[in-house]
Amino acid sequence: MNHASTESTRNLGARGLAYRRASAEAWERRRRPPSPALDGAGDRGLSRWALGVGWFSVGLGLGQLLAPRQLARLLGISDGPRTRRLIRALGIRELTAGVGLLSRRRPGRWLWARVAGDLVDLGLLGNLLRSRRTRGVRIGGALAAVAGVTVLDAWLGRRTGAATAAASEPRTVRRSITIGRPPAEVFGFWRDFQNLPRFLVHLESVQVQDPRRSRWRVRGPIGSTFEWNAEIVDERDNELIAWRSIGGSEVRNSGVVRFRPAPGGRGTEIHVEATYDPPAGAFGRLVALAAGEEPGQQIEGDLRRLKQVLETGEVIESDASIHRGRHPARPTVAPIVRKGAERS
Amino acid sequence: MKATCWNGKHKLRVEEVPDPHIINDGDAIVKITSTAICGSDLHLYNGLVPTMEKGDILGHEFMGEVVEVGKAVKKLRVGDRVVVPFPIACGACSMCKAQLYSLCENSNPNAWMAEKLWGHSPAGLFGYSHMLGGYSGGQAEYARVPFADVGPIKVPGELRDDQVLFLSDIFPTGYMGAEMCNIQPGQVIAVWGAGPVGQFAIASARLLGAERIIAIDRYAYRLRMARDHAGATHTINYQDVDVQEALADLTGGRGPDACIDAVGTEAHGVGVTYAYDRAKQALMLETDRPIALRQAITACRNGGIVSVVGVYGGFVDKFPMGAVMNRSLTIKSGQCHVQRYTRPLLERIERGEIDPSFVITHRLPLAQAPEAYAMFLAKEDNCEKVVLSA
Numbered sequence: 001m002n003h004a005s006t007e008s009t010r011n012l013g014a015r016g017l018a019y020r021r022a023s024a025e026a027w028e029r030r031r032r033p034p035s036p037a038l039d040g041a042g043d044r045g046l047s048r049w050a051l052g053v054g055w056f057s058v059g060l061g062l063g064q065l066l067a068p069r070q071l072a073r074l075l076g077i078s079d080g081p082r083t084r085r086l087i088r089a090l091g092i093r094e095l096t097a098g099v100g101l102l103s104r105r106r107p108g109r110w111l112w113a114r115v116a117g118d119l120v121d122l123g124l125l126g127n128l129l130r131s132r133r134t135r136g137v138r139i140g141g142a143l144a145a146v147a148g149v150t151v152l153d154a155w156l157g158r159r160t161g162a163a164t165a166a167a168s169e170p171r172t173v174r175r176s177i178t179i180g181r182p183p184a185e186v187f188g189f190w191r192d193f194q195n196l197p198r199f200l201v202h203l204e205s206v207q208v209q210d211p212r213r214s215r216w217r218v219r220g221p222i223g224s225t226f227e228w229n230a231e232i233v234d235e236r237d238n239e240l241i242a243w244r245s246i247g248g249s250e251v252r253n254s255g256v257v258r259f260r261p262a263p264g265g266r267g268t269e270i271h272v273e274a275t276y277d278p279p280a281g282a283f284g285r286l287v288a289l290a291a292g293e294e295p296g297q298q299i300e301g302d303l304r305r306l307k308q309v310l311e312t313g314e315v316i317e318s319d320a321s322i323h324r325g326r327h328p329a330r331p332t333v334a335p336i337v338r339k340g341a342e343r344s
Numbered sequence: 001m002k003a004t005c006w007n008g009k010h011k012l013r014v015e016e017v018p019d020p021h022i023i024n025d026g027d028a029i030v031k032i033t034s035t036a037i038c039g040s041d042l043h044l045y046n047g048l049v050p051t052m053e054k055g056d057i058l059g060h061e062f063m064g065e066v067v068e069v070g071k072a073v074k075k076l077r078v079g080d081r082v083v084v085p086f087p088i089a090c091g092a093c094s095m096c097k098a099q100l101y102s103l104c105e106n107s108n109p110n111a112w113m114a115e116k117l118w119g120h121s122p123a124g125l126f127g128y129s130h131m132l133g134g135y136s137g138g139q140a141e142y143a144r145v146p147f148a149d150v151g152p153i154k155v156p157g158e159l160r161d162d163q164v165l166f167l168s169d170i171f172p173t174g175y176m177g178a179e180m181c182n183i184q185p186g187q188v189i190a191v192w193g194a195g196p197v198g199q200f201a202i203a204s205a206r207l208l209g210a211e212r213i214i215a216i217d218r219y220a221y222r223l224r225m226a227r228d229h230a231g232a233t234h235t236i237n238y239q240d241v242d243v244q245e246a247l248a249d250l251t252g253g254r255g256p257d258a259c260i261d262a263v264g265t266e267a268h269g270v271g272v273t274y275a276y277d278r279a280k281q282a283l284m285l286e287t288d289r290p291i292a293l294r295q296a297i298t299a300c301r302n303g304g305i306v307s308v309v310g311v312y313g314g315f316v317d318k319f320p321m322g323a324v325m326n327r328s329l330t331i332k333s334g335q336c337h338v339q340r341y342t343r344p345l346l347e348r349i350e351r352g353e354i355d356p357s358f359v360i361t362h363r364l365p366l367a368q369a370p371e372a373y374a375m376f377l378a379k380e381d382n383c384e385k386v387v388l389s390a
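Quick note, the sequences are listed as chains A and B, same order. Using this note's numbering, the final residue of the first sequence is 344, and nothing's skipped along the way. Using this note's numbering, the final residue of the second sequence is 390, and nothing's skipped along the way.
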């Protein structure tokens, strides 16, 4: 696996090394210069801070969960059942983040989760400050405390992120599917890039520049688009296509698609392995996940659509699936815009 | 058009929605003449099926007249009278070629949702949640039917809607339940649930040559229908007698050769286990109440078959795996591969071997769908099967 946390222990395969070399330049450009505080022993200091915040989270969470009434009184606000329920819910959130941090796995993610939670708290307290029924001094004090914690969380989150490079570490996804057609047909269909928009729904366009090079434009989460230049680095008829992004690319990525005969005359197994640099780092990944556009799922959906096209002749849509996002299973007033047709 | 829309637990409305259009080239649009409420629709009505959205059109048992076809449709023409199977199947994938139509690999655009819950995805279904495709259902005036050359079966004009409508689901489902029992001459088959699917499982067991067929339910009117119309030779009301003892009595202590669970996830029962399962389901510690299934497994004779056609959604508790393993039981199950059965079962109807309309107790206009659901759920007025007409 190439997710190991330090450079020295990374065990990259030959392909991984080629990938690293190919993109080292862009990598260095994007990477922030390391902060002096993080060199050497700095890492350990940082994780101690993160653990401290974890214990703080657990303590506060338990307090909110077990003594919401006392906490409400401390803040000088109503301690009615609705307030108590809200405080308990916030307590569960605190506990979750706390336990997450104490588990020492991906502390950056939990720290940023805490930042999001802090912002919610600031919003809630801000609203209370405007209310006339509360005591401004106590709320103001709480606001100041939460603001301080927010700054600490964000600072730690940023440092932790830079230290483990979790935010910009390349991710690899693998997906496969079996299609009831011979490898030559499946390979031929895929290799003709004109066919790709028929099943890659996030693909806006591919411009083929020469037999090896092409320019790709892909729709990202929330209306964004990403472009890259791809180069085919290996190709074997009816077996595999491997690519990587080259200069002038917004998203670094590389990968290989393998075509294998499925046992028992069941057609072709397609195995896709793609490594990519998450757009906008960890935050972008979270956003994509929330929008249901996480890359692994995207690739799986694309493979399913390819299977549909090759086995039935077209991409199958339901009354709900033709819409981007959630939509009840009911017809829409015509004309219906097919997901696959939007870009033609 | 008017359509029955789900708006939450026990909240249905017949709403005005846009008419359906051809989306895929293999689609047909069907003007619905008759449509029915299925027992499995009650799981949706009771809010037990995840991935429903407010506004979803319900219904997966329907028939009508073809009013429009997509440009790739070859076998159907405008004006054809058709019954539509509830699973949507492409006819081209490996599962469809193996006649396992309810496992079609291409018809569920939301396969990833089903994979999260079940590991792999089955076929898309009409009007049965987004995890199973997000397709509009057929309790409406019109429906869009994908893969029109694969699913819909043309029916002759001499047969009334009432006689052929149930080819869409409950007759083939009951038939598959009986077929999975691999019935041999002289065998005894026990059927849990004398709802519509149970009635057809009983009727099919009779068609397939079972010697004794035992119906198990708690409603006298349903047991009466099973005996008088479906062909049950014995009935057991589980509220009056102990099912295990009664079955042992009726089989010389052996137990039934095969047991059919035509109840599924919302089983009722008596005593402590029922209370236990109700409580666990309410607390979301289990998603299904397998009371009928547990009984079927325990009652089945050594080396027998347990055939499950009642619908389950997720996870069951206190599953008697020890009985299954130590007594060499075989469990067979599945959403019905309806497309496999429509032709042979239509022929049985044409030959007069069975008239499926015997299950119908109520006919109502589509506009009264919400009242019909409430009546069916409460088993008011001896309700067995409701047919709605547009």
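What the hints contain is simulated information worked out from the structure, not anything from laboratory work. Source: prediction; values computed, not measured. Ideal Cβ positions, reconstructed from N, Cα and C, are used throughout, including at glycine. Treat the hints with care, since some could be wrong.
Listing some non-contacts, in silico: residues in chain B with all C-beta distances to chain A over 10 Å [to be verified]:
| # | residue |
| --- | --- |
| 1 | 23 |
| 2 | 97 |
| 3 | 350 |
Pair ranges (Cβ atoms, derived) [claimed, not checked]:
| # | chain 1 | residue 1 | chain 2 | residue 2 | range |
| --- | --- | --- | --- | --- | --- |
| 4 | A | 181 | B | 156 | 29 to 39 Å |
| 5 | A | 188 | B | 79 | 52 to 62 Å |
| 6 | A | 182 | B | 244 | 47 to 57 Å |
| 7 | A | 297 | B | 33 | 38 to 48 Å |
| 8 | A | 265 | B | 31 | 35 to 45 Å |
| 9 | A | 63 | B | 8 | 35 to 45 Å |
| 10 | B | 318 | A | 297 | 46 to 56 Å |
| 11 | A | 224 | B | 350 | 57 to 67 Å |
| 12 | A | 154 | B | 282 | 15 to 25 Å |
| 13 | A | 70 | B | 15 | 23 to 33 Å |
| 14 | B | 16 | A | 248 | 47 to 57 Å |
| 15 | B | 275 | A | 296 | 50 to 60 Å |
| 16 | B | 15 | A | 63 | 46 to 56 Å |
| 17 | A | 55 | B | 380 | 54 to 64 Å |
Comparing the hints with the structure gives:
Residue 23 of chain B, annotated as away from the interface, has a beta carbon of chain A within 10 Å; the closest lies near 5 Å. Under the 10 Å C-beta cut-off, the non-interface status given to residue 97 of chain B relative to chain A is violated; the minimum distance is some 8 Å. Here residue 350 of chain B stays apart from chain A, with its beta-carbon at least about 31 Å from theirs, past the 10 Å limit. The given range of 29 to 39 Å is respected by residue 181 of chain A and residue 156 of chain B, whose C-beta atoms sit roughly 37 Å from each other.
Take residue 188 of chain A and residue 79 of chain B: their Cβ atoms lie about 41 Å apart, and the range 52 to 62 Å is violated. Distance hint check: the CB atoms of residue 182 of chain A and residue 244 of chain B are about 55 Å apart, consistent with the given range 47 to 57 Å. Between residue 297 of chain A and residue 33 of chain B the beta carbons are some 40 Å apart, a value that agrees with the proposed interval 38 to 48 Å. One distance hint, 35 to 45 Å for the beta-carbon pair residue 265 of chain A and residue 31 of chain B, holds here, with the actual separation near 42 Å.
At about 36 Å, the CB distance of residue 63 of chain A to residue 8 of chain B agrees with the hint of 35 to 45 Å. Hint check: residue 318 of chain B to residue 297 of chain A, Cβ distance near 35 Å, so the stated range 46 to 56 Å is violated. About 60 Å separates the C-beta atoms of residue 224 of chain A and residue 350 of chain B, a value consistent with the hinted range of 57 to 67 Å. Between residue 154 of chain A and residue 282 of chain B the C-beta distance comes to about 42 Å, which lies outside the given range of 15 to 25 Å.
Separation of residue 70 of chain A from residue 15 of chain B is about 49 Å and departs from the stated range, judged on CB atoms against 23 to 33 Å. Taking the beta carbon of each, residue 16 of chain B and residue 248 of chain A are about 53 Å apart, inside 47 to 57 Å as hinted. Between residue 275 of chain B and residue 296 of chain A the beta carbons are some 43 Å apart, a value that contradicts the proposed interval 50 to 60 Å. Between residue 15 of chain B and residue 63 of chain A, the C-beta spacing of about 48 Å keeps the proposed range 46 to 56 Å intact.
Between residue 55 of chain A and residue 380 of chain B the beta carbons are some 59 Å apart, a value that agrees with the proposed interval 54 to 64 Å.
Checked against the numbered hints given earlier, this structure breaks hints 1, 2, 5, 10, 12, 13 and 15; the rest are met.
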